[in-house]
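> Sequence:
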Amino acid sequence: MTREKDILSKIEELRQTIRYHDRKYYIEAQPEITDYEYDKLIQELQGLEKAHPEFITPDSPTQRVGGEPLTEFSTIEHRIPMLSIDNVYSEKELEEFYNRLRRMLGDREINFVAELKIDGVAVTLSYEEGLFRMGATRGDGYRGDDITANLKTIKEIPLRLEPPGGEFATLEVRGEVYLQNKDFQAMNLEREEKGEPQFANPRNAAAGSLKLLDPRLTARRRLRFQAHSIGYHEGLPLHGQQECLETFKGLGLPVSPHFRFCKGLKEVREYVAEWDVKKHGLECMVDGIVVKVNSFDQWKLLGSTSKAPRWVVAYKYPPEQAISRIKDIVLQVGKSGVITPVAHLEPVHLAGTTVSRATLHNFEEMGRKDIRLHDYVAVQKAGEIIPQVVKVVEERRTGKEKVFPLPRACPECGGEVGREAEEVSLRCYNPLCPAQVKRRVRYFASRGAMDIDGMGTAIIEQLVDKGLIKDYADVYYLKFEDLAGLERMAEKSSRNLINGIEASKKRDLSRLLSALGIHHVGTHAAEVLALHFGSLDK
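For any residue, its number in this note's numbering is found by taking its place in the sequence shown, counting from 1, and adding 111.
Certain hints may be false.
What the hints assert, rightly or not - Below, computed lysine to aspartate or glutamate pairings styled on EDC-like, alpha-carbon distance capped at 16 Å:
no. : residue 1 : residue 2
1   : K121      : E183
2   : K360      : E273
3   : K427      : E207
4   : K502      : D481
5   : K151      : E124
6   : K616      : D585
No lab work stands behind these hints, which were simulated from the structure alone.
Modelling step: build the complete structure from the supplied sequences, incorporating the hints.
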C-alpha cells in the first residue's frame, strides 16, 4: 500500500511540475526548462501511468493526445448562443454604434474594453468543477461540432483550471483558436514541398486543423488559443469584461496582453489608430478591434438581435493592397523538387514593408487567375504575412503581356519534370538536382535543425557548385583544405565552420531526424520518434 501511495505521489508531483511549466511557457511566455527536459518529464509520467493505468485522470497532461480517429463529429447545443458580431468599417460607423448605445442607455456612463481581433476560429470550452469536459465550434451559433479531442491537443488550453473547482460549478469560456504567423508559414512551406494546395490564410489553416478526425494529426499543427469572453456560468460573480479577462488569467487561461479599458469613445478611437500601425509587428494575424461595453449590467439592458449582441462591434481594418507590375517570372526548385513560379515585381510599399517578390503558388493557380508576364496586378499579404498576387488589373493591359509557358524540363538541372497523382505542383524528379541539394543542405544546417555555425547560403552555394557536397553526409567529410579555395573564406572563417560542423555532431536525435527533411516528419514528429526509439541504433 505504501508503494502505491509513493507511486501516486510521484505521479501527482510530475503532473504539477508539467502544469507549472505549461503555464510558464504558454501563458507567461517565460520558459524555465528546455524542450528536451520538458519531453523527459512527459515521458516519465507516461511510463508511470502505463504501468499504473488505475491512476490515470482526465486532467493529466498525458491525456491531451490519444485515442482512435473519429468517424464523424457529434453535435453540441450551446447553452447560451454564440452569436456573430456586427462589423463597422469606419470611424463614422463606430460613432453611430456609440450613439445607438447612448440612446438606449440614456445618461449612464459608458466605458469599453477594446481587444485585438485575432483572425481565428471561434470555439467554446466547458469546465465542470474546474475540469475541462467538452469543447465545440460555433457552428450556426446554436449548435456546434464536438471537437473536444482536438482542443485537448492545444497546450494553451488548461485541462484543469487554477484554483481547481471549488468556487464555481460550471464555466463556459469563449475564445479563438489560431496559428502564429511563423507556424502558418512553416505549414504552407511543408505543403508546398509536398505538392499539396496551400492554405489561403491562418484562419483557414486553423479551421481545417480543428476539423481533422484524427487528433494526433491536429496535435502536429501547433494551434494556439486565446480566451476573450464568458458563456454560461454558475458560481462565478463577475461584473464586467475587464474583470472577466483578469479572472481568466488568474485561472490559467490565456488572454490577450493588449486589451485596454477605455473611458468613452475617444479612447477607443485612440486604441484603433494605435494598433492600425502596430498590428504588423504581432506574432499572429489581427484583422480588427473588438469593442465591448464593459458593464455586464449594461449588456443585459442592451440585449441582442437575432444575429448579434448590441453591446459589441468589430472595427475591421481594410485589407491593404498595392498595384505593381510583374517584371519577370522566375522558377524556384524546392528541396523536394517542387517547382514554384515567383513574380518579380516593381518594388511597392505594402503593410509596413517593401515588396518586390510574390509567390504565384503553382501553374494551375496562374492559369486560373490568367496571370501573364508584364501584367499589372493587385498584391496583398496573405494573412498579413506572405505577399501574393490577388488578381490581374485587366484594364491596364496593353496587349504586350505574355503567357508564361509550362516548363518541359527542370530550370536548374534540365531533368525530367512531372506531376504526382493528386498534386497541383510540377516537380523535378532528379534527386541530384543542384537546386534541391542546396535547399536540402541549407535546411539541414539551419538554426532549427543541426544549427551549423558558419554554414550560410553563400558557402553552401559554392560547396555544391564545386561538387564538394552532394548530400547531407558530405558535410561531415569536409576538411579545412576544402574550404581554403572558397570565396570570402579566410583561415579564421574556415576554422569556425569546421568547429561548427564538429559541434553539430552533439545535437539531439530529434534535431537530426527533423534536419533530414523526410516527408511527413516535421519538428513534432521528429521529437516523438526520438523519444520512442532513443537512438539511431534502435
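> Each hint should be assessed against the structure and marked as holding or not.
Here's how the hints hold up against the structure:
1. Of the pairs offered as hints, the one joining K121 and E183 is violated, with about 38 Å between alpha carbons and a cut-off of 16 Å exceeded.
2. Distance hint between K360 and E273 is fulfilled; the C-alpha atoms sit about 9 Å from each other, no more than 16 Å.
3. Between K427 and E207 the CA atoms are separated by roughly 15 Å; this keeps the pair inside 16 Å, and the hint holds.
4. Distance hint between K502 and D481 is fulfilled; the C-alpha atoms sit about 9 Å from each other, no more than 16 Å.
5. A hinted pair counts as satisfied when its Cα atoms are at most 16 Å apart, and K151 with E124 qualifies at roughly 14 Å.
6. A distance of roughly 13 Å separates the Cα atoms of K616 and D585; the hinted pair therefore holds under the 16 Å criterion.
Of the numbered hints stated above, the single one contradicted by the structure is hint 1.
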